[in-house]
Amino acid sequence: MTSVEPARPGNQASIQRSASRRTTAVFSGLVVSSLMMGVGVSPVSAADDFGQVTGTVLGLGSDDQLCVYALPAPVTNSEPGVSPSTGQLQPIVPPSTEGPCADTPLAVESQLVVDGTYTFEALEPGAYRLYLDDPRPDESTVTGASQWVPGKVLKTSAQIVTVEAGASVVAPSTTAFPARYFNDVPPTLQFSKEISWLASTGISTGWTGRDGTSTFRPVTPIARDAMAVFIYRLAGSPEYTPPTISPFADVPTDNVYYKEIAWLAAEKISTGWPQDDGSRIFRPLSPVARDAMAVFLYRFADRGALEDTAAAPFEDVPTDNVYFKQISWLASTGISRGWTSADGTSIFKPYAAINRDAMAAFMKRYALMTNTQS
Numbered sequence: 122m123t124s125v126e127p128a129r130p131g132n133q134a135s136i137q138r139s140a141s142r143r144t145t146a147v148f149s150g151l152v153v154s155s156l157m158m159g160v161g162v163s164p165v166s167a168a169d170d171f172g173q174v175t176g177t178v179l180g181l182g183s184d185d186q187l188c189v190y191a192l193p194a195p196v197t198n199s200e201p202g203v204s205p206s207t208g209q210l211q212p213i214v215p216p217s218t219e220g221p222c223a224d225t226p227l228a229v230e231s232q233l234v235v236d237g238t239y240t241f242e243a244l245e246p247g248a249y250r251l252y253l254d255d256p257r258p259d260e261s262t263v264t265g266a267s268q269w270v271p272g273k274v275l276k277t278s279a280q281i282v283t284v285e286a287g288a289s290v291v292a293p294s295t296t297a298f299p300a301r302y303f304n305d306v307p308p309t310l311q312f313s314k315e316i317s318w319l320a321s322t323g324i325s326t327g328w329t330g331r332d333g334t335s336t337f338r339p340v341t342p343i344a345r346d347a348m349a350v351f352i353y354r355l356a357g358s359p360e361y362t363p364p365t366i367s368p369f370a371d372v373p374t375d376n377v378y379y380k381e382i383a384w385l386a387a388e389k390i391s392t393g394w395p396q397d398d399g400s401r402i403f404r405p406l407s408p409v410a411r412d413a414m415a416v417f418l419y420r421f422a423d424r425g426a427l428e429d430t431a432a433a434p435f436e437d438v439p440t441d442n443v444y445f446k447q448i449s450w451l452a453s454t455g456i457s458r459g460w461t462s463a464d465g466t467s468i469f470k471p472y473a474a475i476n477r478d479a480m481a482a483f484m485k486r487y488a489l490m491t492n493t494q495s
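Residue numbering for the sequence shown follows the numbering used here, starting at 122 and increasing by one per position.
FYI, nobody ran anything at the bench for these hints, they're computed from the structure. Certain hints may be false.
Keeping only pairs whose Cα atoms sit at most 16 Å apart, straight-line, the calculated EDC-like set for lysine to aspartate or glutamate is [what the hints assert, rightly or not]: (1) K446 to D464; (2) K314 to E360; (3) K273 to E360; (4) K446 to E436; (5) K389 to E436; (6) K276 to D423; (7) K380 to E360; (8) K470 to D423.
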């Protein structure tokens, strides 16, 4: 399948390993006496108060650059996911004004991947998550997606790397998400970058034609079975053994997406519709309505009970709407911005079907919201 973007131009400048920047902040409560499973430790020749982390990134071309950021785990700051001034979601790594991988408010240190490897020479003892990102995300219409070590989209799926004073730890090897595109998604399409992100992360693989072209069908409504697959992959494709008896009467165990749909039910993200005989149905081939999408993402986020919202963010979603709280949450996070009607009011169109291009935008905004909030 023709899906991988050729190496991006403009990267011919020589790459120098960025100098290690030692943070002076002390993150209390983060010191852990042993390493998480799968991470090995070896003595450092010059023992001191700091530890070293090394790692490998596979799948990079000779001209590709990638930055690695070390973030405390749990995050010790309260950086919001939505900017108070603009109301828009903020990137996890704000644009840098110094060097390709300058320190950011969220990361205590950053390094440039050189020849597929990176080294943090001096980190405070504690627990960290490692985040990989392109230092020039706006220089190409199609770029590989950012990710958490070891190759996860969401921070909640990242592996914790524990640093001990005077020791060196080897982080799990990670394969960089490749830049991918679909032949039916031109750069001029409204959500082209979001769709490219969906392809790069592997959340959507699209369709491969007989001529080898790859298509996404952006203006086609997304079906409920595909939505289940998208959410499952967004979660990092967790280990899960589906039951031998389907939770839904209309989804047999030999359904191509049975595992993902059963996982959705097991996580209580979808409860389906009850029937007179006591069974439940999922309606896998039905389009996903926008109000249902709000509920799916809200439950996936595991938000629990929501506080009452005084004002309705959308004119067409009154406070007595059965999903008013979930839709209001979607608006408050910046995941959905709705439409501005002729009279200046915002509308959500709760019963309209979601096209696949809009779903890509919702998925990326959800990931951004999750990855930036503590």
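Evaluation of the provided hints:
1. For the proposed pair K446 and D464, the alpha carbon gap of about 24 Å is over 16 Å, so the pair is violated.
2. Annotation: proposed proximity of K314 to E360 is violated, straight-line Cα distance about 29 Å (limit 16 Å).
3. For the suggested pair K273 and E360, the alpha carbons sit about 14 Å apart, so the restraint of at most 16 Å is met.
4. Under the criterion of a C-alpha separation no larger than 16 Å, the hint pairing K446 with E436 is consistent with the structure, at around 14 Å.
5. A C-alpha spacing of about 29 Å is found between K389 and E436, which places the hinted pair above 16 Å, so the restraint is violated.
6. Only pairs whose Cα atoms come within 16 Å are accepted, and K276 paired with D423 is accepted, the gap being roughly 14 Å.
7. Straight-line distance between C-alpha atoms of K380 and E360 comes to about 10 Å, which keeps the hinted pair within the 16 Å bound.
8. Note on K470 and D423: the hinted pairing is violated, with a Cα-Cα distance of about 24 Å set against a maximum of 16 Å.
Violated hints, listed in ascending order, are 1, 2, 5 and 8; each of the other numbered hints is respected by the structure.
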